[in-house]
Amino acid sequence: NAGVTQTPKFRILKIGQSMTLQCTQDMNHNYMYWYRQDPGMGLKLIYYSVGAGITDKGEVPNGYNVSRSTTEDFPLRLELAAPSQTSVYFCASSYETGTQETQYFGPGTRLLVL
Amino acid sequence: GQNIDQPTEMTATEGAIVQINCTYQTSGFNGLFWYQQHAGEAPTFLSYNVLDGLEEKGRFSSFLSRSKGYSYLLLKELQMKDSASYLCAVKQGFQKLVFGTGTRLLVSP
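Which chain is which? The protein sequence lines are A and B, in order. To convert, count from 1 in the first sequence and add 3; that's this note's numbering. To convert, count from 1 in the second sequence and add 89; that's this note's numbering.
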């Protein structure tokens, strides 16, 4: 299994440009998440999904959109990039069985908006 | 609202034991995660507690007291490679995770 993969690894955007951050998992997990992590800070949840066709907002959803058309893919869309969106973006997936839950993170996408 | 507190930084010596505390005030508590994150890398899952008590996994153990809003991560036989940030995260409701800002642990020889 490749686990959780993210592309691109690094991207520079100009203010106002748009882009899609890709995330794919091959573990058949129902739950997927997008986080952002600013330097020296913890992770903040942007959006999450509990299954194909179902998404919901997290703590900081403004400026982002998501879709979940398949179990495997959970892309994150930035429509009008702003300097405040400069961050590291992590995608994660998880499964839950009773009292056990395990989350797996992708390697991250570093985004710089100038 | 939600509030998760961890110490910002801790130092310890190789071979020692260190306890990293996490206190939380949150509605709809549904479990607590601990993650390890090396600089420039993705977080790695360490533990998940949803019931009170101690969960042990090799050199790492995690404890939860829901009535006190308190958890700790215990690292034994510290190694240099354990130098990293340790993130506490609370699951609210069904799937929302709220993270603390993390504790930077520095292990010295």
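Simulated from the structure, these hints should not be mistaken for laboratory data. Warning: the hint list may mix true and false statements.
[What the hints assert, rightly or not] Quick look at which bits of chain B chain A covers, simulated, 3 or more residues with Cβ under 8 Å:
| id | stretch |
| --- | --- |
| 1 | 129-136 |
| 2 | 183-191 |
[Claimed, not checked] Non-contacting residues of chain B with respect to chain A, defined by C-beta distances greater than 10 Å in every case (computed):
| id | residue |
| --- | --- |
| 3 | Val107 |
| 4 | Gln114 |
| 5 | Gly120 |
[As the list claims (entries may be wrong)] Chain A regions said to be covered by chain B (calculated; three or more residues, Cβ under 8 Å):
| id | stretch |
| --- | --- |
| 6 | 70-84 |
| 7 | 103-113 |
Source: prediction; values computed, not measured. Every residue gets a Cβ at the ideal spot worked out from N, C-alpha and C, and that includes glycine.
- Item | Hints breached by this structure | Hints 5 and 6 not satisfied by this model.
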